[in-house]
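Chains as they are written, first to last, in the numbering used here: chain Y, 20 to 129; chain B, 90 to 204.
Quick caveat, the hints were computed from the structure, so don't treat them as lab data. Incorrect hints may have been included.
Taking lysine to aspartate or glutamate pairs in the EDC-like style, the calculated list, with each CA pair at most 16 Å apart, reads [claimed, not checked]: (1) 22/Y with 133/B; (2) 82/Y with 103/Y; (3) 78/Y with 192/B; (4) 90/Y with 73/Y.
Each chain, letter by letter, is given below.
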Amino acid sequence: SQKIEQNSEALNIQEGKTATLTCNYTNYSPAYLQWYRQDPGRGPVFLLLIRENEKEKRKERLKVTFDTTLKQSLFHITASQPADSATYLCGYSGYSTLTFGKGTMLLVSP
Amino acid sequence: DTGVSQDPRHKITKRGQNVTFRCDPISEHNRLYWYRQTLGQGPEFLTYFQNEAQLEKSRLLSDRFSAERPKGSFSTLEIQRTEQGDSAMYLCASNPTQGAVGEQYFGPGTRLTVT
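Pulled out of the complex, with its shape left as it was, chain B reads as follows (with noise of 0.2 Å):
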């Protein structure tokens, strides 16, 4: 299967402790993004890079949350210091494009849940 994989798929953390989600995206996109999404929501964007470089941080990002992608493959995703509202859904999704946004593919998500 060479489609866009999250690891883990499911995790339950207490309030405070941080947590790390890795994405592996499709090995030739060069774009990848961070989306989170809650119930009744649709995803809702978080950050994106392009090969190793993070080129946008949405502004409801706060400064908990960090995002690397070292070697333009894979990418990861923190959460310092857990807090209820941080429970979601969170989506990674990769692209080929050099212009325009265009179609991207989803993995099939880790779902946080914060105790």
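Chain Y on its own, in the form it takes in the complex (with noise of 0.2 Å):
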């Protein structure tokens, strides 16, 4: 069956860098893979979704990629800002669910 999977050790990086979070499904490409920001207490906030057929996504600070030969999605945050600091979630979607990964917290330091 499908598995997705992210790196469960946080990311800590300092102000200012790029912060790049790694997701990895193990079969078939999804229809999509998504990612969501989520703060503690709170229910996941969707960030950017990219198509089976798409290479990279942009928007603002926030860039994804879609590799099928590696079976990745990477995540990037430029210039990264205290605010930035959460747990971000993966996910992959087809015609019916969507499947979450462990998620990544990221913090991001002065």
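Make one complex out of these two single chains by using the hints.
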């Protein structure tokens, strides 16, 4: 069955640097890969979606890539700020459900 | 505010009691999803509705869980005979998708504690 994996260790970076988070899937290429931000005690907030036939998507300081050969999506936050500190969830979706990884916590220090 | 709302935000109950949660999706969204999330994990799919029809349930969803969306608007999730392992955040999400599942809009969640 399809599995989705994110680095469970927290990522610590300094303000102003680029944060890069990784999401790997195991089997077939999903229709979509999606990225969400989640703050403690709150519901996830949608950030970006990338389709199977797209290689890259951008939105302001955010960029997501989809490499079907490596079975991997990378999520980048450029010029990171302490306010970017949160847990970032990757999920794959087809025609009925969205399945999430465990998430990676990002800590941006001033 | 026209976002997804959930009620209650917190619920503490004793083992063996029944609990019911409510979700009000964004009004024009025809799909509604329920998820469960425990500490350190991503949201885990439970079930979803297309309008009033419940189209899929997770195999992890025991018979003690039931969900309804009677008029294709709000939804309820009931847990009967709660167990300590049911303690989690229950999240609701909605989206207007007819085809592949795109961007989902999540509510704030209901945190359930079973003592």
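So if I understand the rule, the pair passes when the alpha-carbon distance is 16 Å or less; does residue 82/Y with residue 103/Y pass? Holds. Residue 82/Y to residue 103/Y sits at ~14 Å (cutoff 16 Å).
Mind checking the alpha carbons of residue 78/Y and residue 192/B for me, to see if they're no more than 16 Å apart? Within the cut-off at roughly 14 Å; holds.
16 Å Cα cutoff - pair residue 22/Y, residue 133/B: holds (13 Å)
Assess, step by step, whether the Cα of residue 90/Y is no farther than 16 Å from the Cα of residue 73/Y, and give holds or violated. holds (13 Å)
Violated hints: none; the structure is consistent with every hint.
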